[in-house]
Amino acid sequence: MAYSDKLVDHYENPRNIGSLDKSSTSVGTGLVGAPACGDVMKLQIEVSDQGVIKEAKFKTFGCGAAIASSSLATEWLKGKNLDEAGEIKNTQIVEELALPPVKVHCSILAEDAIKAAIEDYKAKKDA
Amino acid sequence: MQALKKTIEESLANGQPIYLDYQATTPMDPRVLDAMMPYFTGKFGNPHSRNHSYGWEAEAAVDNAREQIGSLIGAQAKEIVFTSGATEANNIAIKGVAHFYGDKKNHIITCVTEHKCVLDSCRYLEQEGYEVTYLPVQKNGLVDLEELKAAITEKTCLVSIMAVNNEIGVVQPLKEIGQICRDNKVFFHTDAAQAVGKIALDVNEMNIDLLSISGHKIYGPKGIGALFVRRKPRVRLKSIISGGGQERGIRSGTLPTPLCVGLGEACEIAQNEMAQENLRLVTLRDRLMNKFKAELKDIYVNGDFDHRVPGNLNISFAYVEGESLMMAIKDLSVSSGSACTSASLEPSYVLRALGVDEELAHTSLRIGFGRFTTEEEVDYAADLIISHVMRLREMSPLWEMVQEGIDLKSIEWTGH
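These protein sequences, in sequence, are chains S and Z. The first sequence: position 95 = 95 (the numbering used here), numbered continuously. The second sequence: position 325 = 325 (the numbering used here), numbered continuously.
Check each hint, because a few of them may be wrong.
Said to hold, decoys possible - In the DSS-like style, the derived pairs of lysine-lysine whose C-alpha atoms are separated by at most 27 Å in a straight line are:
1) Z:Lys409 to S:Lys22
2) S:Lys124 to Z:Lys185
3) Z:Lys330 to Z:Lys222
4) Z:Lys232 to Z:Lys222
5) S:Lys54 to S:Lys78
6) S:Lys22 to S:Lys78
7) S:Lys115 to Z:Lys409
8) S:Lys125 to S:Lys89
9) S:Lys6 to Z:Lys330
10) Z:Lys78 to Z:Lys6
11) Z:Lys330 to Z:Lys297
12) S:Lys54 to S:Lys6
Quick caveat, the hints were computed from the structure, so don't treat them as lab data.
In isolation and in its complexed conformation, chain Z is listed as follows (with noise of 0.2 Å):
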C-alpha cells in the first residue's frame, strides 16, 4: 500500500501530475490485485461450469465476493447481480423496471443533476412513449423532498435518485426518499457508484429496491460493477441482454472471474477501513479548504458542504476560467466544470442545475482524493493552486474591474 503513496518528487519526476481526480477514478488497491491475481492463471475456470473442480472454484470465489459486496450495502449475496460497471447496472435497473412494469406503470421520477447514462436512459424510454420527470435540486445540489412527493402519481414505477452526485459530491437523503417510495409503493432505484464505500449505506434501513456499484470507483477494477436487486419485496425486471440466463436472467454471459473477486475484495476493505479513512479525508479536505480561504478572496463551494462525501471539493475560483488554472496545475491532476475542457463548450449542467452563475461555472475545478492522497500533496496543490489563481487574476481584466468597484452585472456584454 505504501507503494502508492509516492513523495511528489518522485511522482513528477515520473512525468506523473499529483492525482486529485479521485471521482473520475481510482487506483487500484494492491490488495485488490493480490486476490485477483490467481483467477487469471490457475484458477481459471468458468463459474457456470457444473461438471469439474474448475467451475465449482469459480463458482465459490464469485459466490464469495457477491456476499462481500452485499455485506457492505446491508444485502443479501443473491439480490447481487454482477455488470460491467454502474452505466450497465443503471441501464438496466431503469428500462428493466419500466420495460416489465410498463403497461400499468409508465411513469419514472429522476433528477437534472444524475450520470449521463440516468438521464439517456430515461430520454431513451421517453422516446419509446414513458413519462418521465426530472426533478430540479435546490442550491445546494439536493432534491427537495416535498417536490418529489407531489411528483409521485398511480402511474409511477420508479424513482431513481443518485446517492452521491459525481461532480459536487453531495449526498441525496436516500433514507426519507426511500421511505417516501415504500410509502407510495413505488420502486426506488439509485445510482451509487459514487457513494458505496464513501458513506454508510443499508439498502433495508433505506426502503432502496435497486442500487448501482462501480468497481473502479472504490479502488476495485475496471470493468466490472454490480446491481443490487431486492429480492422481498421482489422487484422484476426485463432484461436488456439475451444469452444463456446467468445472473437469474438478469444479465446473461461469463462472469469474468477475476474481476468479480476484485470488486468483492475492493467492497471487504472498504468496509473495514471506511469510518477510519473517512476521518482521515476530512482532516486533509479542511486544511485544503482552511489554506484556500486564508489566502484567496471570491471563492465559492459548489454544492452542500455538510451533506457532502469527504473526499470531494468543487470550488469556483472567481475571475480565474477553470481551462486556464488547470493549465497552469498541470503537476495536479483534476477536473473542471468549465466549458473549455469539454468537448460542447458547455459548463457544467450539473453546476447549472444549482443555479450556479454561468461565469462561476466557469471557474470551478473538482479536486477529489482519496485512499493514497498524503497530507504532503494536499498542502503542494493548495498552494500551487492559489499562487497561480493570484496570478491569472492579476491577467484578469474582471478581477481588475471588480477591484476598481465596478459591478459586472452592470456592463453590457458582447456574448458571441
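Next up, chain S with everything else stripped away, as it sits in the complex (with noise of 0.2 Å):
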C-alpha cells in the first residue's frame, strides 16, 4: 500500500508514545478498538488546572495508517484546551496524511480516542 511520506514519518518516529498516570484526576485515558478489528488505540491526556492539555500519550496496536494517525493526533492534543481538542475532525487527519479511502477508519478511531478521553477526564473532574 503506498502511503504518504507523512505518514511513513509519524509510523517510523512516533511521536508521544508512552503511557501517563490513568489514575491521576488530571489525567483522562481513552481506549477505543477491539483486538478482533485489528486495531486499538489507548490515548491520554494530561489537563493543566486552567484545562490546557499540556501532555498527550498513545499507544496503537494497528496497522500503520492506524499508529501514524494516533501519533498525529497526541501532536495537534497538546497546548489545546478541551473545547478545541474536542473539535479535532477525523476528516483532517485524513487529509494530512493523505489516508487512502480503506484506511479512513483508522482516522475516525483516532477521533473517538480523543473523545474518550475527554470524556473520561471530565467524568474524574466531575466525580
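Make one complex out of these two single chains by using the hints.
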C-alpha cells in the first residue's frame, strides 16, 4: 500500500508514545477499537488546572495508518484546551496524512480516542 | 546458481528486499532458463506441426518435458496435460469431472482452506445446481478423515483436497484420502501447486486421479502448469476450452514450447535435489524458529508444525498487528494474514478456518524460504523481526495490558 511521506514519518518516528498515570485525576484515558478488528488505540491527555492539555501520550495496536493517526492526534492535542481538542475531526487527519480510502476508519478511531479521553477526564473531574 | 544467492548488502543496496515469500512465487532457476532459451528463437516450431522438422523438434521437447513432469509424481508422460497454471488445472479438473459425470453424480467434496480457484470453481458449480460439501479443518489445519468418509454419498463424483496449503504449509494426509476415495469409487483431485517438488508424491501409491501443478512455485516459469489426468482407471473430463483438440482434447491451444520445457526442467531438478534441499530448508526453518523462541514470548505457529513443508513458517506475534510489522521490516518481503494487508479488510479465511482467534489472525506473518535462501538471510530476518516485534509491543496497548495482568477477553471492546 502506498502511504504518504508524512504518514510513513509518523509511523517510523512516532511522537508521544507512552503512558500517563491513568489513576491521576488530571489524566483522561481513551481506549477504543477492538483486538478482533485489528486495531486498538489508547490515548491519554494530562490537563492543567487552567484546562489546557499539557501532555498527550498514545499506544496503538494496529496498522501503520492507525499508528500514524494516533501519533498525529497527540501532536495536535498538546497546548489545546478541551473545547478545541474536541473539535478535531477525523477528516483533518485524513487530509494531513493523505489516508487512502480503506484507511479512513483509522482516523475515525483516532477521533473517537480523543473524545473518549476528554470524556474520561471530565467524568473524573465531576466525580 | 550462485548468482541468485546475493549477499544481504548487495540486495539491499539494489533496493531489493530479502525475498522470503516463496509460497507466492519463486525465482526461476537459471538452469531452467538455460534449458528454455533455444526454444524461443532457433527451435521455435509449433509442436503440433506434423509436416516438418521444426514441429518434430518442438514436439520432442514437449514430450520430454512430459516425461520429466510425470517422473516426479510417478505418472506416465501421456497422463500429463499442459495448462497455463494451477488455477486453470484446478478449473479443468473440478468443472471437467463435474460436467462429465454430473448427470448421475452431482456432489463434490472439498475443504474450506482450499485455494480460491478451487473454492470459486465449486461455487460456480453450485450455481449450476451441483451439491458441494465444504469440509472444515481441525485446529492443525488438517481434514478429519472420518468427516470425509461421512460426507461421501452415492452422488459424490469428486473429492478435491489440496496437498499443501499455500498459507500455512500443512500437508494433508493424501494417501489416506486417496484410499478412502478409491474404496468409495470417487475420483480424487489434489491441488499440488505448493507440494510438487517439496514433498514426495506418487499418484499410484496415493491413489490420486487428478493432480494440479504450477510452474512458478517450483523455480520454473510463470504462465505454465500441468494437470495429471489418470488413464487407468480412466478419468473423463468435459473440456472447458473449445479448439483444435490438443492435449487429448482436454486443453486446446498451441503449447508454449519454451514454457513446457522450463516446467519439465524444473521438475527434473526438483526430483534430483529435493531430498537434499529439504534437509537444508528444515535446518533454516528450525534455526529461525529457535531464534524467535529464544527472544520472544507469546508467539504461535499456525498450522501443524510437523506435517508441514519445510519452507513455510506462519507465525502469529501476539499484540503486534501484521501490516505494521511488515512496514517495519521492509527489508524483508514476507506476507501477512492481517486484514489490513488485504483489499477486503478481512483477516485470512484460512487462519479463521483453523479457529485462530481473530486478534491473532491480525498478527500473523507468513515467512517462506527456498532454494536461494541463505543462512545469513535467515539470521538477518530473525534479528530484524525480533527487534521490531519488541519495539511494536512497547507501543501496543494490548501488550501493556497483558503485562499488567489484565485479561483482554474481560474487556468490553468497542468494535467498529
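In ascending order, which of the hints set out earlier in this document are inconsistent with the structure?
Numbers 2, 4, 10, in rising order.
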